[in-house]
Amino acid sequence: MKKILYFTMLIVVSALIFGGCSQTTEDTLSDTAVSSDSTENSKDTAADNEKTFDDFVAYMTEGGFIKGSPVEMTANTIGASKGSRYSMGTNTTSKVYVELYEYEDTESDVASKILNEAKTSGTFTFYTSMESATQNTVAAVSDNGKFLMLYTDSSTSGTNVDTKNKAVEAVKNFGK
116 MKKILYFTML IVVSALIFGG CSQTTEDTLS DTAVSSDSTE NSKDTAADNE
166 KTFDDFVAYM TEGGFIKGSP VEMTANTIGA SKGSRYSMGT NTTSKVYVEL
216 YEYEDTESDV ASKILNEAKT SGTFTFYTSM ESATQNTVAA VSDNGKFLML
266 YTDSSTSGTN VDTKNKAVEA VKNFGK
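Read left to right, the sequence shown gives residues 116 to 291 (the working numbering).
What the hints contain is simulated information worked out from the structure, not anything from laboratory work. Remember, it's a predicted structure, so these values are computed and weren't measured experimentally. Do not rely on the hints blindly, as some may be mistaken.
[As the list claims (entries may be wrong)] What follows is a list of derived Cβ distance ranges for each label pair:
1. Ser272 - Ser202: 14 to 24 Å
2. Gly179 - Thr208: 15 to 25 Å
3. Thr274 - Ser196: 13 to 23 Å
4. Gly237 - Lys291: 10 to 20 Å
5. Asp224 - Gly183: 25 to 35 Å
6. Thr274 - Lys228: 32 to 42 Å
7. Val225 - Val186: 16 to 26 Å
8. Asp258 - Gly179: 32 to 42 Å
9. Arg200 - Glu222: 39 to 49 Å
10. Glu177 - Asp224: 29 to 39 Å
11. Asn191 - Lys234: 14 to 24 Å
12. Glu222 - Asp277: 33 to 43 Å
13. Lys228 - Gly273: 26 to 36 Å
Heads up, the beta-carbon is just placed ideally off N, CA and C, and yes, glycines get one too.
Please construct the entire structure, taking both the sequences and the accompanying hints into account.
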């Protein structure tokens, strides 16, 4: 009788242990799979949102909007963290300057003022008040709000204006 009771208890305890372990293992595997999927999705989203200044420069270079050696700009003057200027002659009568900037802190007073004004009006007061600025300078902000382009072209010919407009659209679409 003791052997039967002992054997029955052994079966019940084994069933509880193995049943509990298998349930926990399945739950753990299921949770791990969900966690893994979430991690991959957040990495994809983070990769889309974590565009760098180098990515921006490469994108604009591949689009044919900048070329040559950049000159480093004093970016903090306009609240940016990085900036470069590219000088290009499109033909004998035109000189094009493209400035690219990255903003790490888009919420600072200077950065938010410039970025908001550039988004709404296509330029900003600080830049247009400078002597070297012309009426042919436009400003464009990237989709994620972290990058700014200033595009100055001394020519108002149709081809040049088209190129400027394409550059503006390219910047607005960067990061989409």
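Here's how the hints hold up against the structure:
1. Take serine 272 and serine 202: their Cβ atoms lie about 19 Å apart, and the range 14 to 24 Å holds.
2. Our hint of 15 to 25 Å for glycine 179 and threonine 208 holds, since their Cβ atoms are close to 20 Å apart.
3. One distance hint, 13 to 23 Å for the beta-carbon pair threonine 274 and serine 196, is violated here, with the actual separation near 34 Å.
4. Taking 10 to 20 Å as the suggested C-beta distance range, the pair glycine 237 and lysine 291 conforms, at roughly 19 Å.
5. Remark: the range hint 25 to 35 Å for aspartate 224 to glycine 183 is upheld by a beta-carbon distance near 33 Å.
6. Between threonine 274 and lysine 228 the Cβ separation comes to about 33 Å, which falls inside the hinted range of 32 to 42 Å.
7. Look at valine 225 against valine 186: about 21 Å separates their beta carbons, and that is inside 16 to 26 Å.
8. Taking the beta carbon of each, aspartate 258 and glycine 179 are about 20 Å apart, not inside 32 to 42 Å as hinted.
9. At roughly 25 Å, the beta carbons of arginine 200 and glutamate 222 sit outside the given window of 39 to 49 Å.
10. Between glutamate 177 and aspartate 224 the beta carbons are some 34 Å apart, a value that agrees with the proposed interval 29 to 39 Å.
11. In this structure, asparagine 191 and lysine 234 meet the distance hint of 14 to 24 Å, their C-beta atoms being roughly 21 Å apart.
12. In this structure, glutamate 222 and aspartate 277 meet the distance hint of 33 to 43 Å, their C-beta atoms being roughly 35 Å apart.
13. Checked against the hint of 26 to 36 Å, the pair lysine 228 and glycine 273 passes, with Cβ atoms roughly 33 Å apart.
Violation of the numbered hints given earlier is confined to hints 3, 8 and 9; the remaining hints are satisfied by the structure.
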